[in-house]
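Student: Sequence:
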Amino acid sequence: MPALTRRRYPERPDCWHVYYGDVHVGTIAIRAGVPVDADQWGWDCGFYPPSHHGLQLQGTAETFEQARADFEAAWREYLPKCSQADFEECRRQCART
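Okay, so the sequence shown: first residue is 63 according to this note's numbering, each after it adds one.
Worth flagging that the hints you see were computed from the coordinates, not collected in a lab.
Mixed in with the good hints there might be a few duds.
In the DMTMM-like style, the derived pairs of lysine to aspartate or glutamate whose C-alpha atoms are separated by at most 20 Å in a straight line are [what the hints assert, rightly or not]:
| hint | residue 1 | residue 2 |
| --- | --- | --- |
| 1 | Lys-143 | Asp-99 |
| 2 | Lys-143 | Asp-106 |
| 3 | Lys-143 | Glu-127 |
Derived Cβ-Cβ restraints for the label pairs, each shown as a range [said to hold, decoys possible]:
| hint | residue 1 | residue 2 | range |
| --- | --- | --- | --- |
| 4 | Ala-157 | Arg-68 | 16 to 24 Å |
| 5 | Arg-69 | Arg-93 | 29 to 37 Å |
| 6 | Asp-99 | Met-63 | 16 to 24 Å |
Backbone N, C-alpha and C define an ideal beta-carbon position, used for all residues, glycine too.
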């Protein structure tokens with residue numbers, strides 16, 4: 063089973079894309095335009111095609127470390143709902159675009 067890895071988004075130093083093997087499965091980033099007393103970090107967990115069937119998790123956190131931990135917990139909940147066919151379809155879609 064592949065491990066989750068993070069890759070910094072080159073156009074935005076406060077944004078990381080999260081990958082499961084070669085599939086982009088989420089993002090952790092500073093939230094834009096939020097008040098200073100609100101959670102500054104946001105995360106999204108999901109990928110096509112499961113996300114098009116309503117399967118996507120997201121949240122906010124005060125720190126990057128908390129956002130990362132929350133994302134990992136969400137991924138443990140999300141992954142069992144995905145099939146190998148979902149990952150294969152995602153790869154096919156990415157190859158077409």
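Student: Compare the structure with each hint and give your call.
Tutor: Taking the hints in turn, this is what the structure says about them:
The hinted pair formed by Lys-143 and Asp-99 fails the criterion: a straight-line CA distance of about 35 Å is larger than 20 Å. Of the supplied pair hints, the one linking Lys-143 and Asp-106 holds, its CA atoms being roughly 16 Å apart against a limit of 20 Å. For the proposed pair Lys-143 and Glu-127, the alpha carbon gap of about 25 Å is over 20 Å, so the pair is violated. Range check, Ala-157 to Arg-68: about 23 Å between beta-carbon atoms, so the 16 to 24 Å window is met.
Range check, Arg-69 to Arg-93: about 19 Å between beta-carbon atoms, so the 29 to 37 Å window is missed. For the pair Asp-99 and Met-63, the supplied restraint of 16 to 24 Å is violated, since their beta-carbon distance comes to about 39 Å.
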